[in-house]
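> Residue strings, one per chain:
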Amino acid sequence: MQIFEYNGSAVVAMVGKNCFAIASDRRLGVQLQTIATDFQRISKIHDHLFIGLSGLATDVQTLYQRLVFRHKLYQLREERDMKPETFASLVSAILYEKRFGPYLCQPVIAGLGDDNKPFICTMDSIGAKELAKDFVVSGTASESLYGACEAMFKPDMEAEELFETISQALLSSVDRDCLSGWGGHVYVVTPDEIKEKILKGRMD
Amino acid sequence: MGDSQYSFSLTTFSPSGKLVQIEHALTAVGSGQTSLGLKASNGVVIATEKKLLSILVDEASVQKIQHLTPNIGTVYSGMGPDFRVLVRKSRKQAEQYLRLYKEPIPVTQLVRETATVMQEFTQSGGVRPFGVSLLVAGYDDKGPQLYQVDPSGSYFSWKASAMGKNVSNAKTFLEKRYTEDMELDDAIHTAILTLKEGFEGEISSKNIEIGKIGADKVFRVLTPAEIDDYLAEVE
Numbered sequence: 001m002q003i004f005e006y007n008g009s010a011v012v013a014m015v016g017k018n019c020f021a022i023a024s025d026r027r028l029g030v031q032l033q034t035i036a037t038d039f040q041r042i043s044k045i046h047d048h049l050f051i052g053l054s055g056l057a058t059d060v061q062t063l064y065q066r067l068v069f070r071h072k073l074y075q076l077r078e079e080r081d082m083k084p085e086t087f088a089s090l091v092s093a094i095l096y097e098k099r100f101g102p103y104l105c106q107p108v109i110a111g112l113g114d115d116n117k118p119f120i121c122t123m124d125s126i127g128a129k130e131l132a133k134d135f136v137v138s139g140t141a142s143e144s145l146y147g148a149c150e151a152m153f154k155p156d157m158e159a160e161e162l163f164e165t166i167s168q169a170l171l172s173s174v175d176r177d178c179l180s181g182w183g184g185h186v187y188v189v190t191p192d193e194i195k196e197k198i199l200k201g202r203m204d
Numbered sequence: 001m002g003d004s005q006y007s008f009s010l011t012t013f014s015p016s017g018k019l020v021q022i023e024h025a026l027t028a029v030g031s032g033q034t035s036l037g038l039k040a041s042n043g044v045v046i047a048t049e050k051k052l053l054s055i056l057v058d059e060a061s062v063q064k065i066q067h068l069t070p071n072i073g074t075v076y077s078g079m080g081p082d083f084r085v086l087v088r089k090s091r092k093q094a095e096q097y098l099r100l101y102k103e104p105i106p107v108t109q110l111v112r113e114t115a116t117v118m119q120e121f122t123q124s125g126g127v128r129p130f131g132v133s134l135l136v137a138g139y140d141d142k143g144p145q146l147y148q149v150d151p152s153g154s155y156f157s158w159k160a161s162a163m164g165k166n167v168s169n170a171k172t173f174l175e176k177r178y179t180e181d182m183e184l185d186d187a188i189h190t191a192i193l194t195l196k197e198g199f200e201g202e203i204s205s206k207n208i209e210i211g212k213i214g215a216d217k218v219f220r221v222l223t224p225a226e227i228d229d230y231l232a233e234v235e
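Each protein sequence line maps, in turn, to chains A and B. By the UniProt record's numbering, the letter at position 23 of the first sequence is numbered 23, and the numbering carries on one by one without gaps. By the UniProt record's numbering, the letter at position 135 of the second sequence is numbered 135, and the numbering carries on one by one without gaps.
Extracted from the complex, chain B is given alone in its bound form (with noise of 0.2 Å):
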């Protein structure tokens, strides 16, 4: 990793025991724009904020939300360039296990070898960790799964959770609103909720993004009509 004369880590322990590196990264992340997921009992949704720089952006073209494998797909908050470095390692890291196994890769799996990836840059020489926390949202036998991956490389599976810059907020809204039963369409009318609670301005299907995947085992990002619809019925 990196060039020769950067063999050693840029990433060292402070004296107080703190990478302070992955501190400003998860820095990075906490000032991203507000995503979240919930777990539902018979799936997962993944939201995200889509503020663009400007009005003559073509919010068509871009694409927060991500799939990796068919039944597993992710969103961020942080920086997107390393969110996109992420998922190429991630999708390749899919497929090898499939071309190994013929048997798609559970959702542990491919979180944990993400997680490593992260870890790494954390431990090489001449790189610096990634600025993004990932949320991953997949169903496989194991059923629904939800987990978020930090830029240390520790990952937690959560049941509902938020990144970003309304973090706090969105979290204890979550809290208070998630149910351990809920059905996946109360998930996604609670996910618009809890984006609703720190967003600035008109939420619209064109300032968010939506992925959910159900007991199909099919991830899907919702188009802006689906999402349309949505928002109509938590009017």
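Bound conformation, chain A alone (with noise of 0.2 Å):
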């Protein structure tokens, strides 16, 4: 029994022209059983900074709470919110901390920084950063979407593009995943607006 796969996830993210979009499934399993149908797998951290966390449910959650708690002490001290950089690095820092016994979460974070610039990355559960300038994935059904978002994704897309190209990679990559699937659950960001969506799929 793998522990990465026991709960199954999908999550992606992609930059667009001045913004991003981050997407994923919503099943929450327990290996071959389909618990829930709606678990929030990305979260807000401010209004330009989403993370989206795949791996073991549990971790998730715990790790998503951290770091809310974390970036919300930062807030009061330097009265400022972080930028999508600073958390990544932070995010890193946390989860090596947590070396030898660590967190079993890939996380993906997408945000706009300075000038509007969107920020994507991911790392692996120990903290390995790996920035990318048009797509990251995670999750049971990485492989697949790895395969669908080389084969969709354009540079510069405007947000209707984008929010069309990262629902069908993120679909057709979760329909070949058995863990992951039960619809999706989108995010589309610009410098002024929050675009939340419900993507409808196989329900199975």
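Since the hints were derived computationally from the structure, they do not count as laboratory data. Any given hint might turn out to be false.
Result set (EDC-like, lysine to aspartate or glutamate): computed pairs, CA atoms no more than 20 Å apart in a straight line [said to hold, decoys possible]:
id	chain 1	residue 1	chain 2	residue 2
1	A	Lys129	A	Glu196
2	A	Lys72	B	Glu113
3	A	Lys83	B	Glu183
4	B	Lys217	A	Asp59
5	B	Lys102	A	Asp59
For each label pair, taking beta carbons as the anchor points, the in silico distance ranges come out as [as the list claims (entries may be wrong)]:
id	chain 1	residue 1	chain 2	residue 2	range
6	B	Ser7	A	Ala128	53 to 61 Å
7	A	Arg99	B	Ala225	31 to 39 Å
8	B	Thr27	A	Gly101	46 to 54 Å
9	B	Phe156	A	Arg99	39 to 47 Å
Residues of chain A placed beyond 10 Å of chain B at every Cβ, according to the derived structure [what the hints assert, rightly or not]:
id	residue
10	Asp59
11	Arg77
12	Glu78
13	Phe100
14	Asp124
15	Asp175
16	Met203
Model, not experiment: these values are computed from the prediction. Just so it is clear, CB atoms sit at the ideal spot from N, CA and C, and this is done for glycine as well.
Assembling the complex is the task here: the two chains are given apart, and the hints tell you how they should meet.
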């Protein structure tokens, strides 16, 4: 039994023109049994910063709570929001603290940095950062996601087109993975607004 | 902190509500060599007297103005050894912040953490307060900043400030001479003139130290040759 495949998950983030999109599946399972179809894997840190966590669901929730805690303290002390790059470094440090007993999650971080430049990155469960200019993926459906994103991605897409692309990439990939699916949850973030949509895909 | 026999604080309140140890620490600061700082529109300058004990001291080895990070510098009035300890701790805190966030520490955060250390030494067992006041000069995303940190752990942001022996004369002089839209070079001239006000003897590049930071965000201690140039301009 692989621990990273216990709950099943799929998370993807893509860069567009002065915007980004982050999407995840909604299934929470215990191996082959589906427990919930509305599991929240993507969370907002602040208006221009989102984190999606794939992997073991309990660690997803705990890690999210720890990160929100750290960010709230940062906001109070420094009187400003964290930049996405700074947040990514913080997540990496927190994961490495548990190097020999890690959180069993792989985060996907997406945000708008200075001058509204989109930033995405992913890391493994012990904090090895991987920055990308186009897209990042994680979860049990990651191999399918890599293929779908590589095929469908174009640079400098506007928010509408980005939404379509990421949704298609997500749905087609989770259909090939029995442990993830039951719809999708997509956030498209531009400097002015956050658009949140629920996707209906194959409900199995 | 301290021996197990001294797990109580040596800094205790007097009936009038004062912490006498901190008052004495401030006296130690007040009898230290004068130091001052000015915030210009495009940078910050800090300066201090560097009176050495005797002509036999190798003045090149004495450095009163220190870097805390590449873009934050500090100077003190009071006890040199206490300053060394604080500089060491502050540098470590700045580096820890950098390691965690991969971003240089903002000036306010470093000042706050240094002030926290100083406050801890007024409320811990077996230790005494630091006998220094610091002037911290830095330039970050919020622009040029100048902070003073006292032995009690309180900190203030200043446009211009002085500490040490000649504090009241220096502050009066600064109040008259300071303008909001001063540029960095003007501020350096004003700093030198302020130091000159209460200076015993001849002011020269060997008995003062000047540190500055401009929009390039690099804190530098001026070389004696550069100080000589500024002194000549002031004459």
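> Work down the list of hints and note, for each, if the structure agrees.
Comparing the hints with the structure gives:
1. Between the alpha carbons of Lys129(A) and Glu196(A) the distance comes to roughly 26 Å, so the proposed pair goes past 20 Å and is violated.
2. For the proposed pair Lys72(A) and Glu113(B), the alpha carbon gap of about 18 Å is at most 20 Å, so the pair holds.
3. Under the criterion of a C-alpha separation no larger than 20 Å, the hint pairing Lys83(A) with Glu183(B) is inconsistent with the structure, at around 31 Å.
4. Taken as a hint, the Lys217(B) and Asp59(A) pair is broken in the structure, with Cα atoms around 41 Å apart against an allowance of 20 Å.
5. Annotation: proposed proximity of Lys102(B) to Asp59(A) is violated, straight-line Cα distance about 25 Å (limit 20 Å).
6. A beta carbon spacing of about 44 Å between Ser7(B) and Ala128(A) contradicts the range 53 to 61 Å that was offered as a hint.
7. A hinted range of 31 to 39 Å is violated for the C-beta pair Arg99(A) and Ala225(B), which are about 50 Å apart.
8. Restraint check, Thr27(B) to Gly101(A): a C-beta distance of roughly 52 Å satisfies the suggested window 46 to 54 Å.
9. A beta carbon spacing of about 42 Å between Phe156(B) and Arg99(A) agrees with the range 39 to 47 Å that was offered as a hint.
10. Non-interface status of Asp59(A) relative to chain B is upheld: no Cβ of that chain comes within 10 Å, the nearest being about 21 Å off.
11. For Arg77(A), the non-interface assignment is contradicted: its Cβ lies about 7 Å from the closest Cβ of chain B, within the 10 Å cut-off.
12. The Cβ of Glu78(A) sits about 6 Å from the closest Cβ of chain B, inside the 10 Å cut-off, so the non-interface label is violated.
13. With a least CB separation of 19 Å from chain B, Phe100(A) remains clear of the 10 Å interface cut-off, as annotated.
14. Its beta-carbon lying about 18 Å from the closest one in chain B, Asp124(A) satisfies the requirement of being farther than 10 Å from that chain.
15. Every Cβ of chain B is farther than 10 Å from the Cβ of Asp175(A); the closest lies at roughly 38 Å, confirming the non-interface assignment.
16. For Met203(A), the condition that its CB be more than 10 Å from all CB atoms of chain B holds, with the nearest at approximately 42 Å.
The structure fails to meet hints 1, 3, 4, 5, 6, 7, 11, 12 from the earlier list, while all remaining hints are met.
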